[in-house]
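Asks: Sequence:
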Amino acid sequence: FSVRVPFLTGAVWLTAVCHAVLWRSSICFGSFSVTGDVSKLSWFGETGLLRPFGAVALGLMVVGSGGFVVHGVWDRRRSRFLIEKASEEIDIVEAIWKEQRTEQARESAHVRA
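Numbering (my numbering), first residue to last: 2 to 114.
Since the hints were derived computationally from the structure, they do not count as laboratory data. Values in this document were obtained by computation on a predicted structure and should not be read as measured data. Note that the Cβ used here is the ideal one computed from N, Cα and C, for glycine as well. Accuracy of the hints is not assured; some may be wrong.
[Stated by the list, open to error] What follows is a list of derived Cβ distance ranges for each label pair:
| # | residue 1 | residue 2 | range |
| --- | --- | --- | --- |
| 1 | Lys86 | His20 | 37 to 45 Å |
| 2 | Ala21 | Gly73 | 20 to 28 Å |
| 3 | Ile93 | Met62 | 16 to 24 Å |
| 4 | Met62 | Lys86 | 34 to 42 Å |
| 5 | Phe82 | Trp44 | 44 to 52 Å |
| 6 | Leu23 | Glu95 | 52 to 60 Å |
| 7 | Trp75 | Ala110 | 50 to 58 Å |
| 8 | Arg5 | Ala110 | 26 to 34 Å |
| 9 | Arg107 | Gly73 | 48 to 56 Å |
| 10 | Ile91 | Met62 | 41 to 49 Å |
| 11 | Asp38 | Trp75 | 43 to 51 Å |
Construct all of the structure, not just a fragment, from the sequences and the given hints.
Replies: Below, the structure is given as structure tokens:
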């Protein structure tokens, strides 16, 4: 399966949920006065700060973020492979370069002598 599918699905999912929350924030979240009594604060429920639709929206955002997690894992694995491959190529080039520079130094020493 392609890593693009969960990544794009998650991106579209998150965008849709964020727009729904933005457009309908009053059914997702309640209000509380900053100067109000904290002991009377209700976190969840129809009269709470987080209403049922808001809890569902937050859950959907967590699920939608799964696409980014899949992409992150894939990217780390892919990068690790590419870094190992580049490191092997650099090791080969380094050995050849050192050999050539040593030969140039020897030739230069013979020319001066």
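Asks: Look at each hint and say if it fits the structure.
Replies: Structure-based check of each hint:
no.: 1; hint: Lys86 <-> His20: 37 to 45 Å; verdict: holds (42 Å)
no.: 2; hint: Ala21 <-> Gly73: 20 to 28 Å; verdict: holds (25 Å)
no.: 3; hint: Ile93 <-> Met62: 16 to 24 Å; verdict: violated (47 Å)
no.: 4; hint: Met62 <-> Lys86: 34 to 42 Å; verdict: holds (37 Å)
no.: 5; hint: Phe82 <-> Trp44: 44 to 52 Å; verdict: holds (46 Å)
no.: 6; hint: Leu23 <-> Glu95: 52 to 60 Å; verdict: holds (54 Å)
no.: 7; hint: Trp75 <-> Ala110: 50 to 58 Å; verdict: holds (52 Å)
no.: 8; hint: Arg5 <-> Ala110: 26 to 34 Å; verdict: violated (57 Å)
no.: 9; hint: Arg107 <-> Gly73: 48 to 56 Å; verdict: holds (50 Å)
no.: 10; hint: Ile91 <-> Met62: 41 to 49 Å; verdict: holds (42 Å)
no.: 11; hint: Asp38 <-> Trp75: 43 to 51 Å; verdict: holds (49 Å)
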